[in-house]
Each structure stands twice: as structure tokens, then as C-alpha cells.
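Residue numbers (this note's numbering), protein chains in the order written: chain L, 562 to 837; chain U, 562 to 837; chain B, 562 to 837; chain W, 5 to 245; chain Y, 5 to 245; chain S, 5 to 245.
Rather than coming from a laboratory, the hints here were simulated on the basis of the structure.
Bear in mind the structure is a predicted one, so any value in this text is a computation, not a measurement.
Among these hints, one or two may not hold up.
Said to hold, decoys possible - Cross-link-like lysine-lysine pairs, in silico, PhoX-like; alpha carbons within 20 Å at most: (1) L:Lys696 <-> B:Lys695; (2) Y:Lys212 <-> U:Lys811; (3) W:Lys63 <-> S:Lys63; (4) U:Lys818 <-> Y:Lys212; (5) U:Lys695 <-> B:Lys742; (6) Y:Lys88 <-> B:Lys609; (7) U:Lys811 <-> U:Lys822; (8) W:Lys28 <-> U:Lys609.
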Amino acid sequence: MSAVKKSVVVERLRKAQIVEFLSKEKRLDGRGLLDFRPIKIETGIIEKANGSARVRIGNTQVIAGVKIEIGEPFPDTPEMGLLVVNVEVLPLSSAYAEPGPPDEEAIELARVVDRGIRESKMVDLSKLVLIPGKKVHAIFVDVDILDTDGNLFDAASYATVASIATSTMPKFSVGQNGQIKQEDEAVPLQINCIPVSITLAKIDGEFIVDPTSEEEGVMDARITLTFDDDGNIRAGQKGQPGTLDFNQVKLAVNIAKDRAKEIREIIKESIKDAKG
Amino acid sequence: MSAVKKSVVVERLRKAQIVEFLSKEKRLDGRGLLDFRPIKIETGIIEKANGSARVRIGNTQVIAGVKIEIGEPFPDTPEMGLLVVNVEVLPLSSAYAEPGPPDEEAIELARVVDRGIRESKMVDLSKLVLIPGKKVHAIFVDVDILDTDGNLFDAASYATVASIATSTMPKFSVGQNGQIKQEDEAVPLQINCIPVSITLAKIDGEFIVDPTSEEEGVMDARITLTFDDDGNIRAGQKGQPGTLDFNQVKLAVNIAKDRAKEIREIIKESIKDAKG
Amino acid sequence: MSAVKKSVVVERLRKAQIVEFLSKEKRLDGRGLLDFRPIKIETGIIEKANGSARVRIGNTQVIAGVKIEIGEPFPDTPEMGLLVVNVEVLPLSSAYAEPGPPDEEAIELARVVDRGIRESKMVDLSKLVLIPGKKVHAIFVDVDILDTDGNLFDAASYATVASIATSTMPKFSVGQNGQIKQEDEAVPLQINCIPVSITLAKIDGEFIVDPTSEEEGVMDARITLTFDDDGNIRAGQKGQPGTLDFNQVKLAVNIAKDRAKEIREIIKESIKDAKG
Amino acid sequence: MIELIDEKGLRRDGRRVDEIRPLKIEVGVLKNADGSSYIEFGKNKIVVAVYGPKEVHPKHLALPDRSILRCRYHMAPFSTDTRKHPQPSRREIEISKVISEALEPALILEDYPRTVINVYLEVLQADGGSRCAGITASTVALADAGIPMRDMVVACAVGKISGQVVLDLNDTEDKEGEADMPVAIMPNLNQTTLLQLDGILTPEEFEKGFEMAVNACRHIYEVQRKALIDKYFGKNEVGEE
Amino acid sequence: MIELIDEKGLRRDGRRVDEIRPLKIEVGVLKNADGSSYIEFGKNKIVVAVYGPKEVHPKHLALPDRSILRCRYHMAPFSTDTRKHPQPSRREIEISKVISEALEPALILEDYPRTVINVYLEVLQADGGSRCAGITASTVALADAGIPMRDMVVACAVGKISGQVVLDLNDTEDKEGEADMPVAIMPNLNQTTLLQLDGILTPEEFEKGFEMAVNACRHIYEVQRKALIDKYFGKNEVGEE
Amino acid sequence: MIELIDEKGLRRDGRRVDEIRPLKIEVGVLKNADGSSYIEFGKNKIVVAVYGPKEVHPKHLALPDRSILRCRYHMAPFSTDTRKHPQPSRREIEISKVISEALEPALILEDYPRTVINVYLEVLQADGGSRCAGITASTVALADAGIPMRDMVVACAVGKISGQVVLDLNDTEDKEGEADMPVAIMPNLNQTTLLQLDGILTPEEFEKGFEMAVNACRHIYEVQRKALIDKYFGKNEVGEE
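For reference, chain L alone in the conformation it holds in the complex:
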């Protein structure tokens, strides 16, 4: 209990400080309100995976790995392959993460990242069918959160996108008896766009992008928006028990849309070499 009580006091002081800085359009680490921290994306770091990427945004560090296997389609989509994005908030990542099954925060994180990728139609699932209704390609993207300093939604999303974009696809052939063989050959996985997630935190009425853990600790609300290459919104999620007034909702879209363009270039750069 004492730890909790202490953190309440510290949090208040820290919030006051963060708010004071925001009122001067500044942040504790010197960034402007709409600046990201440095983003570093490395791909191809896990040889056993079909694709992989490590993303660092400031001190936040995540790794995504792609495995492409054979699976069975869902009964209601017999002619679609499978794409599953899973996020694990590992106990390595902070003093507050515990081992065990994902809690509601981790589930929301995984589902929002998944929706951003899925709704953008980055991967055309209809091209992943081997035997309609029976066997399809199943793309599993697993994201390991290794070190947490805020903005996990965007970091996990970028790692997912970069790992998919640099994946190779094993070739499978269907024999006459319906048996499936994996061939030695592999081809790059085709992608249709680079979805970009942008998360805004609202603190004391102001929006900032790429919040640190500390900023998240005092934020009132969070909104994550994912854009495709054409600037369309593909997914959105407001989080936290704070509210947004109606103009702020529209403002959030405009801010995020601009940021998404810039980040897309960073992601593109990181996957360029791998795509060769």
C-alpha cells in the first residue's frame, strides 16, 4: 500500500511539472508536443522467423517475429488465409509487468495493433489459400515487449508492419492426395500498403504524440489512429477514462494524419534493404 500511496503523491507532482511544461509547448525531455523520440528499426534479426524487426522509440524496445505456417481457415471465411497478431507484455519490460496470461490492457494493445494491420488490408488474405475451406497460410506475428517507456501501441504496430513487410513466404505445394509439402524455395510476402499507427495522449487539454511512460501516467485520454498510404483512416481506438470534446476528435485526426506520413517514410527506409 505504501508504494501506491507514495506513487500518488509523486504522480501529482510530476503531473504538475508536465502540465507546466506543456503550457509552454514543451516536454520534460525537450521535445515539442508533436515530436516523436528517435525511432530505430532493424529488420531480419531473427533468422528462424519468416520476418522480424526490432523497434526502439526512445527507451521503448519491442521485437516482432513472423511465422508463416499451414492452418485451417475459419468456417465463415473458407477462402481467406489467417493473420494473427499477438502481443506479449513480458515481465522483462518493466517493474510493473507480471508473468501470466495477458491482462485487459495487454489484450487491448494486441487487438488494436491487430486491427490496424488487418483493416488496412496490408496483406491480401484471399491470396493465402492452399485448399479452399481446408488449408490456408497462417501468418502469426508475435510481438515481444522488452522494455517499456511509453507508446507501446505505435512501437508494436511499427514492429509488426516492418516484420511483415520483410517476410519471406515459404512455398507449399499441394500433392494429388491433398498432402502439403513445403518446398525449399521462398518468395517475398506481397504487401499492399504500409499502415501507420499514431497515438496521441491528451494531458490537461493538450495533445502530444509518442508519450513516454511518465506522460502516460498522467494522461487523461489516449487516441490511436491508423492510416493507409492514401491517408484514409483504417482503425481508431480511444482509450483511458478521460474524454475528448467533439473538436478534439477532429483535431486528433488531422494531427495524426500528418505524423503518419512522416513515420511511413521511416518505416519504408527500414524495410528497403530487406525488400531489395
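With the hints as your guide, set chains U, B, W, Y and S onto chain L.
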């Protein structure tokens, strides 16, 4: 703890009061010892289900829904369809119900209701086979307990019976390749009898039927008996750590048998229109 | 907490006493350092199982039962049958065992016993194939720990070995349509060797075999070694947070190798009649 | 793409693009709960029970300065086209979280320190928009339980089908359409408490849709109010359309 | 329907309709347990261990005026025709509950407030009637543990096969027969502590069967007593038939 | 049997029988953790985080006279040839236990009574010998966290392939070979803290192999030391081969 201690005292006073009333052949709500509270049964309330029923007994309220799907038979009964009755004691239903997997009381409730239906052979499972040993009809009856004021065993049973009795059965055809297609047509599900569950509570040596939550709180023992249309006993379950002397066991059968006849008429009435 | 504190004190006194005895090459129950307690092995005690054995080592009592069924091979070993050894530390077995899923100690126990059997190739899994890649024999050995007085690793291993060695194998025939039928006939399960597990406890620098619960309570380290008929080591596992110096590691092998020969004769004797 | 809007501008179920489905709200439908409600919104049928404020167990989870709000959105196994397993899915867990965050801004939780308020939603039948219907009903149940509130919370989805922005998607429209965006607002405080989106919307469609949703919420708010007024002050029939 | 009774009135295993299977009870078969027993009843083989009365953890579950009785009926994976998964099934959980309720009336739990008594049953081999055999053995183990009792509890099933009411169904009779009714009684207090039934019985068959079961229980009670007397006072062989 | 050693005595990956795979250790790779490390050992890639010593929750699990060490070895789903389910397997639970027991003798846990030290290992990519690499990296992370130690712990496996005793099996050698024996030692105290074996070894091969492993550990220890020295005192590149 204090809540528990208080409830112990209240329970004792309440028990004394209930017992005093029973000694005058009366109950707190004015009923005679062998009277049910008003029973209200509505069917066809969930359009997406194959059958459904809401049962209210006094303030107790439960809803049962039937889903008929394709399943695989158990290995030891390859020529039998499946019938599964499941009961969920929802956290909506009382201040004491908690979310989470069913506890031993909920499991007993579900299994006793299930046995009453199963043993009465209300549904002829041998007529639910599509491809022997491989594909059969699977009838799932799920009962949601919405509001708890005693006698869940009977309420859940009546809802199960009424929902099955008013179910329509989707027609499936087996193609030459063994693939199963659901056709648009649907036929009423055939039933063989109307099993009726009667639960008696023993308080201070006296039997009452249809106990309220308060009466259940002070009962010594409980006995549930299920009868078919011909007055045969199809299932029985004594519950709670109290005992029944040997004559009481026989007495319970006689009381329950009479009550079952009356209740069967109420259930029949409720399903008449639907069957029409 | 008080129970724990008391046990700490008792443990220290007991350890002092055990150590004093060990310094005179003796043990509390009068045994020499490298003596086993009496071992009693009964086989064929569970008629419904394909094989079974009860092993008592002193007051430790375990029962193993074998079930041979049809299963699907692992994808990476399509031409191998299955052998699974599972150990349940039942709440019957001591005041410290709790109902529930196995904890890490029970999992280690099961896996070490399993490895000893598996690595010794006691059963030739390549002979257990019915339809390659699809249907194989699956041998399940389940060990129930009924009464715990130390040396569960060896007791569980001997019970597993004796139950497998006395198992009969149901005969299955594969029909033209690929359907599998169990025939009435049964044949003895062929075995290749009698693996023998020997567990040494290190207390105050000395090795003893077959530790009691009390001795285990004060041991620094444990080492379990499994030998085949030719004296080869097939499996090993050091346990507990104590250490072994480099010479002790070699000494442990020599001690265990000798003991294994003797115990193998006891096991052979116990399975002789059954195999006859 | 299936044609979901006909040449007259009407949807499969006959609605105009800016028309919500039939809506009915009842208050106080359960006896044990401290507050309760029942909503029919299209084919959605949802019961909500509120228990609390009450003591937190275990006690160390209690907050010294306010009450904790916990929501549980759960679907009955028979509520969906194919039977749903009774165990909560990841989808249900996420929806429980966003519903809780959508309701919390309206509640004055500081009035009940060291307590918990549980909101249980049981979806008896699910159609498109069940989370919105659930939020709308939950506020009513919270009011029925006497929990002090700053404002009501009302929710309605907007979406895109056959290329047009339309209000309140039903199940078919949700599955076959191009976008779905649930929105919850506090109508008097003019605040958004829930916003989710999946599909594809241009920023312009987003703005248009968001405004449609806000307007629909204001309309639904009147139904909420009427249900509560009828329960507490009057006897007029509750319902609409 | 398979013929389970031949023209001489004998059952497949040679028993008369009112005859129980061979029965053997041993006391004190485990060293760690505070009390223990082993029963063979037909092909049923069951070990029972009693631990307690001992402190309750966590403490807030303790009852101020009496001990808590907890039973766990568990089947070994090798006890059944096809391997049973070690995890407790819903059936095992229900049987654990009814066994606990069948034993509790016999125990003077008021003697040990704030404690718990655990009864663990491990079915090593299951035949028809394992819950009855388990109850019969559990009472013996509780007596062996020195738990004060008002009476013993004895159980035996009755059933209907080939149209006749018969005592103590074995596995085949249970599966192929028309009804099975386990009964537990306290033989000196003349009280029923367990009654379950599935199948089909007329009220008359019910009465007849119930009396058969009660009589069989009285007989089994003598075997229980002998097992305990032999353990504590004598050395005669325990068992029967 | 696949030929794993060629006529020149070289293994598939070109190594001699007594040669370990390329090894790289980094210190302090995570910001939140109290100590951390990263190891590449062949294709193994493992991150280790240490949190603690910190208060134990729930408190009654604390030990009055020393700290508790808890290790969690976990494999990322993408770390293996076919995707691994994120939930810990029985194998991972066993390995967590033996790693904990391998590290504990080196730690002076008495310095921090009533606390817990958590060591989390995440295997990003698994090759043969991941538990050894994990132990080697964990000690470095514990040192980075400032936990007082009696000695370092270093681990390396030895095995048998194509009939010969060889050092440090990779994945193929582990699967196709005849034996695998992971060993962990404290190099200054000359103590074995982990020993496991599966496969087939004669007692002579066991002795020879054990000595090979001990020598390899001494060599790996130098890499551990260099990694820590570079972190705390220097800037030279860490790594080898």
C-alpha cells in the same frame, strides 16, 4: 468477516421466524407449504436461437436458449446425437454470484438439470445422426440465470424443457463427398415427453416446494425429483448436508409426483402456441 | 507463519542429528549410507490397465498404470509411436501436497522419470506405428504418488518400468478404409532393457542413496542417474540449489552405477511372473 | 460487394441512411441488482445489472479517494449465429474495458471512496452495435442504482456501406460494409467517451460520420430519459418506433 | 436391450438380484495421512486419506463455530476403460460435492472450530458404484483419523436391469441397465445422507429399491465395523466373500 | 545415423569437436530492469532482465533470513522452427527451475532478507544449448544489477555425435546426436551447479565430457568478465570469434 458474522445472526432470527410460520403450515410470503409462486413462461424470445424460453418463478428469472449445430458423436456412442445442457449462474443474478468459471454449486445445478432432460429421453438422440460415427446433430441448451430468488433447479429445468419443446431443427443434407450443407428449411424438433423437475426443501423437518432464496438459506436438505409424463421417476438428487429419514424419502416422492402433474400443464400451455 | 518458524528450528536440530549420524557412516533409521530401504514391487494390480505396478520403498508408496491407445504422431516424428509418462503428486500423499495442477517440483519429477524411460529406449517407438504419419500406438504411463517418504524419483521410475514391462499390447487392425479396429487378442509389450534410476542426496558433503523425506528436507543437492542394462548412463539430473564439486560428480556416477545393478535384479524378479 | 442500399436510398431493412433501428429501454428489470435495465436496439437484447457501491475484496485493491468501476460485457452462448463458448473471449475482455472507460467519465466516483461498482452486461441476443446498446443501457442501470452522475452516456455507431456514410449498422451491414465506428458521448457535457473504428474512412467521411453519430446519440438520450422518468415519475409506455 | 439376468435369476457375474459384490476394507494403509483406508468393492479399488482437523488457509475462510469438511473424489488416469485426463472433470466435482454432503451429517464438526478436515479419495480402478464405495471407505478413514462421529455413513447403489430391481450395479449393468440409484445412510440414526437417481423407476420400484439399498447398507456397515475393530483391537482377517 | 563429423574431424558447421560456437555478451541492454544482458551463442539469442531485490508479494511468502530467487525461462513464439505457443510449456517450467537452482549457489541471498530477486530470460531465438546460454547471461545480468555474488556461474553443454564426445551441440547435433549434457559451474569455487543428461554415455565418456564442459566454462567465464569490465571500466568491443 463482519458481513459474515452479521449474516449469521440475521440468518438465525430469520430461521426462527420461518420455522414458526411453518409450524402453522404457513410461509413468510403467505403461501402454503406445497404451493409454488406464480410461474410465467415465455417462449421464442431469442430469434437467433433455435428455441428459447424465459421462466420466472416469483422473482427468480432465467432464460434458456437452444442452438442446434453439427458435431462429432462420442466415440462410445457413434449412433447418437449430442445433447448438452449448460447453466451459467451469471454475476447479474445476485450479490453473491461472482464472474468466473462455474463453482461446484453451479456444476451440480447444471448436471442435475441435464440429467433430468437426458434420462427422460425427451429427445431421441438416435434420430439425430447424420453420418454414423462422424457427424451428428448437437443440441446445446444454455441457461442464463438472470435473477436469483431460490429454486434455480426447477426454474432452469422448466426453461430448458420449454426451449427444447419449442425448438426448430435446421435441416442438413449430406452430399456425396460427405460434406454437410444446411438447408433453408427447418422442422420442429420432435419431443417424446415433458419431464418435470420438482425440488423440495426440508426445513425443521417439514417439506416445502419452490423455496425462496431466504428459505434455501435456512433449509437442512434439498431433494430434486424429475418425472416423465407417466409419473415415472427419471432423475433424483438429494443435496445439502442435512438428512432425510427413510419415510421422508418416500414422502418426498409422493409430494413431488403430484406437483409435477400440475406443473406439466403449465409448461404444456406455454409451449402450445409455439408448437401449433 | 508460526508453523514455518517452528519447522525451521526443528529442521536445524534434525539436520544436526542427521549430520552427526552421517559422520559415523550411519543413518537415523540404521541404514548404511548406500543402503536402500526395503523395496516391494507388485505388478498386475489394476485389471483395467494394460499394465500396472505398485512400488513401496520404505513408507513411500506409488502406483503406475499403463494405458495403450490410438493416437496421432507428432508432426516431426511421423513414424514413431507415443510414450508419455505423467506423475501426479496426489494430495493424499502428504500434508504438504495440495490439489491442483502440478507445480514445478511435480513437473520436474515427471519429466525426469519420463526422460529416463525414453532415453533408455526401453520401448522401441518405431514399432508402434499403425498408419505412418496418421495413427500410432500411444502409451500413457500415469504414476499416482500415494504416500511420500522420500525418493519419489526412484519409486516413480521403478513403478513406471515395472508397469511397462508387464504390459500387454492390444492388437489393432487397419481396415481398407483406414479405420482402426481393436481385436480381442493382446500380446506382451516388447521391451529392450530395464532402465534403473538411482538418486543420491548430498548432505554435509556425503552422498547417501534412497533418502527419506526427512533426509531430503536437509539435503544440499540431489543427483538422479539412470542406467541401462549395459551400465551406460541414459539420463541425469542434478537438483536443488546445492553444488557438487567436480570429483563428487564422478563419484556419484560410480556409486549409482553399482546400486543400479542390484536394483535391476529386484525389478527383474518382480516382473518375472507376469512376463512368464 | 453486396448492394446494401437500393436505388431509393433505402437499406435492406428499409431504413434511411440516417435512421436508427427500433429502440426500447426498460428500467428496473431485475430484483436483486441495485440497478438494472433492459435494452432492445434492433435485434440486440441486453440486460444490465449494477451492484454497488460496495466494499472491495481483497481490501488492498480499494482506492482511498474514489470508487472503482468494473464492467463485464458477456455474451450468452445463444446470442450469436453460431453458439458462443461461455468463457469470456478476448473480444469480450476488450469491449468490457472500453465500456468501462466510456462510462467512467460520467460517474462521480469520488463520492464513494474505498468501494467498487460492478456493471454486468449480458447480451441475450447480439446484432451489430451491441457495445453501443450496452453502454446506453448501462448508464440507465447506473442511474437506477442511484450512482451520482455528471451526465448520461449515450452511444451509437456510424459506418460506411455501399460507399455511403450511414447510421447504426446492423449485423449484415457490419459484416458486409466498409467501416464501423462506435461512438459514445456525454450529451450535455459535449464530450466523447468512446471512439473506435475499423474499416476505411476518409478524414471527410470520418467527420461527417462522427457528427451523425453525435446527433443520433442526442436522440437516444431522450429515450433514456423517458425510460427513467417513466420508471420514477410516470406510467407512460416506454419505447419508440 | 441386452439380457442381464438369466432364466435362473442370476446376473452376468453370477450374483442374485439382492446380492452385493465382494467387499474388502483395510484401515490405515497410508503413513502420512491422519487416517486412511482402502476398499475393494467389486472391481472398484479406492484409497482414501484424511488430513485434519488442521488450520484453514487462508484464515478468513475459517468458520468460528465448526470445522469445514472438504472432499475430493479423483480418478486415476488408468482407472477407467479409456484413459481419463488427470484434471478433475465436472463429474468428479459434482461427486466430490455429494460425497461431502453425505459424510458431513455424521461428523461432529462443532468440536473443531476454525479448522478444516480434508478427505481425499483416489479411485485406482472404477467399476459401477465408485461413489458408494468411496463414501463407505471415507467414513472408515475418518474414524481412523479419530474424528468424532455421530454414526458411520454407509452407501450402496440399487438399480434396475432387465426390468428388475437389483442391488449394487457393476459397470456393465450400470451402462446397459435402466436405472441406477446410489444411496447413503447413517445406519444407527436411520437417516439418508445421499440419494441420487438416473434412469427410470416407477414410484413402487423406487420404494422397493430404496429398501433394498438400506438393507445392503446395514450389511456393509458390519464390514466397516469389523475392519475398524480388527485394526484397533484384533488381528482377524478383514474382508468378506 | 546422419554423419555429423567429417573425415577431417570437423563438424557440419566447421567446428572441431572441442570448439564452442561464436559467443557475444552485452551488458545493460534494457533500461527498466535493475540489471540486464544479451547473449548470442551460436544462433541462440537471449535477453535477460533482473528485477530486485524487492519486496515480496504476498508478504507471507517472504523468507525471514534471505532473499528468494525466481527465474523464468521463456521462449518467444518466433524463436523456434515451428511457432511456439506463448504459454509456458512443461519444458520451460522445468528449465526455469534448474536455471534457478544453478544460479542460486552463487548468490549471497542472506544479504537481502524478506525480498525477492526475479530473473527473466526471454529466448528470442533458440538453438541447441539455450539453457546454458541463458545461465551464462543471467549471471552477467545479476552482476549488472549489483547482486552480491560468491562467484559467477557459467554453463556449457557437451554431447556425443557420431560416436564422439564433442563440445557445445547446436540444434542439429542435439536432435541427431546420441547424447546432450548441459553443465554449469562456478569457475573459482570449482563447483557444479547444474548437470543434466539425456542420451547415452558410457561412464568413461561421461568423465571425458564433463571435463571438456568444465574447461569450456572456464573459457566462457573470461568472456563474461570482459563484458562486465567493458561495461563498467572500458569501451573495448565485447565478443569473440
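Hints and how they fare:
1. Between the alpha carbons of L:Lys696 and B:Lys695 the distance comes to roughly 17 Å, so the proposed pair stays at or under 20 Å and holds.
2. Between Y:Lys212 and U:Lys811 the alpha-carbon distance is near 10 Å, which keeps this suggested pair within the 20 Å criterion.
3. Restraint check: the Cα-Cα separation between W:Lys63 and S:Lys63 comes to about 15 Å, which is no more than 20 Å; the hinted pair holds.
4. Taking the CA atoms of U:Lys818 and Y:Lys212, the gap is about 17 Å. The hint holds against a cut of 20 Å.
5. For the given pair, U:Lys695 sits about 16 Å from B:Lys742 by alpha-carbon distance, which is consistent with the 20 Å threshold.
6. With a C-alpha separation of about 12 Å, the suggested pairing of Y:Lys88 with B:Lys609 holds against the 20 Å cut-off.
7. Between U:Lys811 and U:Lys822 the alpha-carbon distance is near 18 Å, which keeps this suggested pair within the 20 Å criterion.
8. Straight-line distance between C-alpha atoms of W:Lys28 and U:Lys609 comes to about 19 Å, which keeps the hinted pair within the 20 Å bound.
Checked against the numbered hints given earlier, this structure breaks none of them.
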